[in-house]
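Trainee: Take the given structure of chain E and dock chains U, B and C with the ligands to it, following the hints.
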Amino acid sequence: MSGADPIWLYRTVRLIRRFEERAIELVRSGDIVGGIHPYLGQEGIAAGVCAALRPDDVVAGTHRGHGHVLAKGADPGQMMAELCGRVTGLNRGRGGSMHAADFAAGVLGANAIVGAGGAIVTGAVWARRRRGEDLVGVSFLGDGAVNEGMLLEAFNLAALWRVPVLFVCENNGYATTMPVADAVAGSISARAEAFGIRASTVDGQDPAAVHATTAAALARMRADGGPEFLEARTFRFDAHHTFEHAVRLDYRSPEEVARGRSRDPVRIAGSRLPAAERAAIDADVEAVLEAAVAQALAAAEPDPATALEYLYASGLTARTGGG
Amino acid sequence: MSGADPIWLYRTVRLIRRFEERAIELVRSGDIVGGIHPYLGQEGIAAGVCAALRPDDVVAGTHRGHGHVLAKGADPGQMMAELCGRVTGLNRGRGGSMHAADFAAGVLGANAIVGAGGAIVTGAVWARRRRGEDLVGVSFLGDGAVNEGMLLEAFNLAALWRVPVLFVCENNGYATTMPVADAVAGSISARAEAFGIRASTVDGQDPAAVHATTAAALARMRADGGPEFLEARTFRFDAHHTFEHAVRLDYRSPEEVARGRSRDPVRIAGSRLPAAERAAIDADVEAVLEAAVAQALAAAEPDPATALEYLYASGLTARTGGG
Amino acid sequence: MPRLSYRKALNRALADELARDEEVFLLGEDIRVAASAVTAGLLKRFGPERVRDTPLSEQAFTSFATGAALVGARPVVEFQIPALLFLVFEQIVNHAHKFPLMTGGQCAVPVTYLVPGSGSRTGWAGQHSDHPYSLFAHAGVTTVVPATPADAYGLLVSAIRCDDPVVVFAPAAAMELRAEVSDPVPVPLGRGRVHRTGDDVTVVAVGHLVHDALAVADELAGEVSVEVFDPRTLYPFDWDGLLGSVARTGRLVVVDDSNRSCGIAGEVIATVVEQVRLQAPPRRVTRPDGAVLPFAPVLDRAVQPGRELLRHAIAHVSKDG
Amino acid sequence: MPRLSYRKALNRALADELARDEEVFLLGEDIRVAASAVTAGLLKRFGPERVRDTPLSEQAFTSFATGAALVGARPVVEFQIPALLFLVFEQIVNHAHKFPLMTGGQCAVPVTYLVPGSGSRTGWAGQHSDHPYSLFAHAGVTTVVPATPADAYGLLVSAIRCDDPVVVFAPAAAMELRAEVSDPVPVPLGRGRVHRTGDDVTVVAVGHLVHDALAVADELAGEVSVEVFDPRTLYPFDWDGLLGSVARTGRLVVVDDSNRSCGIAGEVIATVVEQVRLQAPPRRVTRPDGAVLPFAPVLDRAVQPGRELLRHAIAHVSKDG
Ligand SMILES: Cc1ncc(C[n+]2csc(CCOP(=O)(O)OP(=O)(O)O)c2C)c(N)n1
Ligand SMILES: Cc1ncc(C[n+]2csc(CCOP(=O)(O)OP(=O)(O)O)c2C)c(N)n1
Ligand SMILES: [Mg+2]
Ligand SMILES: [Mg+2]
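Residue numbers (this note's numbering), protein chains in the order written: chain E, 1 to 323; chain U, 324 to 646; chain B, 647 to 967; chain C, 968 to 1288.
Chain E with its partners taken away, still in its complex shape (with noise of 0.2 Å):
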């Protein structure tokens, strides 16, 4: 990854904000099932944090994981698939939107339940760097998940044991339909500052400016190796899950969501690059999506025989349900 090079910055919110609007289409046709966490609108925040990261650097994700994952060097194709449920996907079907990983590319995953990955991540870096790696990792996290007690305990370990762990708090001002207001006393910021954890913001629909940010945060964790936390000021563009498509809930008007669409980190990543450079990198973006979509249909869905495959492994094999 290039760093703050633009067209990469570019080339990933894109690819993001494609790669959503893709799955958008499979979820209604069908090809997904389930649903997904749509990462539409925040898409400069996974591309601005990951451009800052290293291969061998790690990161957790959270329920609207697609841009993490795909952000730190997921193949996408590989990614529909998994969201396809097919064999080829990057977990071979077995985890889904919210579960998609991708250890070779540092992702110990997506995670379905909010706030779980802060610690996950602090004890993974924790003991590479023990072994003499000296990577970094990120936790991805949301507004709504500063109020679980067990991340705001991983904030306590990471800055106890100064683990270099970046929590990247993605503030799309709701959790669900919960705005920030009525959930988080105090703010954000001074969760992590607390525990002794240095806090930035910033505005996380200008990649460039999260890439500008994290890379800060990254060079001060990489020379003294203490946590820090970033709180990423977003808007989604769309539902909360795309059952939102089906059920109007109420709890966002028309305005605000005009006019949090206006600051959109597509656009403003788009407008650093000529617009023809602009055009070949949509199309090639295209191009990666359209190869993506049509090899994810066209894989095989696993065999239900193999169900229970990979439950354990160390091996053992589960009884079955009887009949």
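Hints listed in this document are in silico derivations from the structure and should not be mistaken for laboratory results.
Just so you know, even glycine gets a beta-carbon here, dropped at the ideal spot from N, CA and C.
Careful: at least some of the hints might be erroneous.
Unchecked claim - Label-pair ranges, simulated between beta-carbon atoms:
#	chain 1	residue 1	chain 2	residue 2	range
1	C	Glu1016	E	Arg222	15 to 23 Å
2	B	Asp829	U	Arg485	49 to 57 Å
3	B	Asp864	C	Ser1192	45 to 53 Å
4	U	Arg485	E	Arg252	20 to 28 Å
5	B	Val831	U	Gly353	53 to 61 Å
6	B	Gln921	C	Asp1166	45 to 53 Å
7	B	Asp864	E	Ser253	49 to 57 Å
8	E	Ala246	C	Gly1072	31 to 39 Å
Mentor: Chains U, B and C with the ligands alone, transformed into the frame defined by chain E:
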């Protein structure tokens, strides 16, 4: 309770002190099974805080809970009977040291799980205020508890919903053998302040100072309804738990213990009374405890046939373990 | 007769109890806008003090409910995902459940924990598809799994009125059911229901699987006469009701959507064979041991107990003897 | 032969594995000073990087262990109280257990959770006296309950070497046992042990109750020939071993210190009767349903399965038929 009355304060710290010393004797004699977490040295906190409470206010205690229960007004005889597992005990012998409760006196219970009381007392206060009662609550907690996610979540609820709970952190420097500095990143007060909760600090060895600081906090809380936090610096004079009398754990130097014991809340409170008055109180406390111990030891043990009594408030009868 | 959906039945039970008793209030995530639809209309009718949206602080709000219950309130706590019960297992089992005995009867903890959409919600995968009712039956917390709209209403009402904590699992696979229900009434906890009488074999089915059991019983009607017993409450279990049925049929199959080992199906078999001599070895159809639901729909389905396996079990039990 | 205490056996297993494999490290509360004695001497020998005292942040340090394991470490997490497993139930069951399947085999989670002093520690009362092994057997997490010093050593070693999460319950009532053990060796997970052969009835006993079963078997030696089977691992259970025993004796009693409903005793009975025709109805001796251990010692004891009830169950099973 007569507020800052130095007589009440001295009597209370002295009562707790001697109660604990008698209880330790009963642990040694085998009349109290399982041991206790002595409150020795920390008496000034329970006394000073409870002096500022009204009878209808509620408190939730800790594993080191005898002081809270006594200072809030539970009968020492019933409390001692509870520690001895007798039917005349506060909990009819079902709870013991770590679960002693006296709902009539506003004691929701000592609690064997560190960090658990905060949310419970918050809910209790909220529910009673919804009925128009204007009580407040106190959640006692140790320095170790501020590392428990569930407690930090409780800070959030109390602050968001403006429930008047005073979180009183008895910072005795250790969680069992773990020094605060090794366990608490940032600072203890900052943990509460992060949630917008006002925090004060007080010398926990001076019952009058604890009372004054508590009274000021409660006045603000009764006026505007939100929670507050109070860190009381203190020192545990004896073992974490009486098992330490048998098994030596190496974590505090003799010098540190001597230094800590030099500031004794009983002596401090006592120095504020004329010697004769102090002696009269001492004699009275001795008499109360003599009677408490005698009554406890004379009381019946529960009938094993009633082992499952009170298991279900609904009257449900559990299947027994067979045979 | 008016048709009532399962989801609406839960909604109506909440509304009726909120209206009947000022001490009832609701806590949960996104319940104001009624993301699960179970709380639809309640904010408007009862206001934000009694329909309280919570931050994502499950442990604290579960114990907040305990505290409120200790002083006489009757909270109903909605959980969006069955796995959230894992997150608050300590708060329910070690606190809410234990308070009455530990305090020697000084208090009660009448809290209802409601999971609308338990079990597999196809496509929600590993961490959102558990059916952990057997865990609560082990802990001894009253546990109900209504199969029908009428029972959804009646058991939820009884749960709210119960002086002990009660966990209500509303299986995702039952949430869209509809049935003719004129005037729903409370259903006593701890009482099973024979949905269909039969002479040859008793099938105990839990939650949504009651409907599968009934379908299979209908299919097999010519060959074997199946009695379908729905315990409705898993703890306390209606042992008398079940033993009466099995004493007549002499044969037993249990179908249940939780993991096999130490699940409710095993408990049913154990308790029955301790007391009744069966004419053939009993069988159970469950999730596998240690099941984790894989994402791909074909795999997700393969891990759940289905009609095919149930037919097989019935055939086996009927033949043997 | 040298005598080895159960507690020392655990200590030695930890020391041996720390010495053998750099990836092994310990996490827990007060383990540096070895409050439980199980980690005695290890700080000095292996240093604070590998013997890590944690703050009271059980959820985070449990998931910290998961994360470390995901990248190849082999953490052992000590819990001071069995109920702390309730507090981290989500982290173990919903994360550590599920990671391999959910990721399609991309990882393993070799974590050992060690509870030295599970079950009743007389006088510690309601919240410190649970024996929640059946919960983990239900979840499908490998669960061991060693009964003897040799097994404590051997099973803990195997747990640490296992590529899946393993919960090790060391019953408080077994911690002070001593036995002659010359050279302790690994004991395979999932393999039971016949402690005493017999012809008339198989008694399955878990953990410290193995010793009660042996004592009762000795007492009854003149009247009934009792075989004592110790599963050692509750999940995965050694069904072949047990079925072999029961096929010979034709009679079954199970004694186990967890709650009755959905406990391991019920599972044993269910699995056996699905496959073996017994000569008499089986029996189990357990804690009551929903047990909460009251404080007073006489009550605490009354709630635990004891020899009297076991004798009664054996008598009943032997007579019937
Ligand atoms: C512990 C937990 N509680 C509740 C949920 C259900 N849930 C899934 S996403 C979500 C909202 C999360 O909000 P936030 O952290 O702000 O992330 P966002 O969805 O806004 O990206 C909720 C309540 C969950 N998955 N995990
Ligand atoms: C959640 C939880 N974790 C661990 C324990 C075991 N334990 C009991 S007391 C204690 C130390 C508590 O320290 P602190 O909060 O400072 O209170 P203190 O004992 O110093 O009064 C520990 C670790 C427990 N009871 N509950
Ligand atoms: Mg959000
Ligand atoms: Mg302390």
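Trainee: Hint by hint, say whether it matches the structure.
Mentor: Evaluation of the provided hints:
{"no.": "1", "hint": "C:Glu1016 <-> E:Arg222: 15 to 23 Å", "in the structure": "20 Å, holds"}
{"no.": "2", "hint": "B:Asp829 <-> U:Arg485: 49 to 57 Å", "in the structure": "41 Å, violated"}
{"no.": "3", "hint": "B:Asp864 <-> C:Ser1192: 45 to 53 Å", "in the structure": "50 Å, holds"}
{"no.": "4", "hint": "U:Arg485 <-> E:Arg252: 20 to 28 Å", "in the structure": "26 Å, holds"}
{"no.": "5", "hint": "B:Val831 <-> U:Gly353: 53 to 61 Å", "in the structure": "56 Å, holds"}
{"no.": "6", "hint": "B:Gln921 <-> C:Asp1166: 45 to 53 Å", "in the structure": "26 Å, violated"}
{"no.": "7", "hint": "B:Asp864 <-> E:Ser253: 49 to 57 Å", "in the structure": "51 Å, holds"}
{"no.": "8", "hint": "E:Ala246 <-> C:Gly1072: 31 to 39 Å", "in the structure": "34 Å, holds"}
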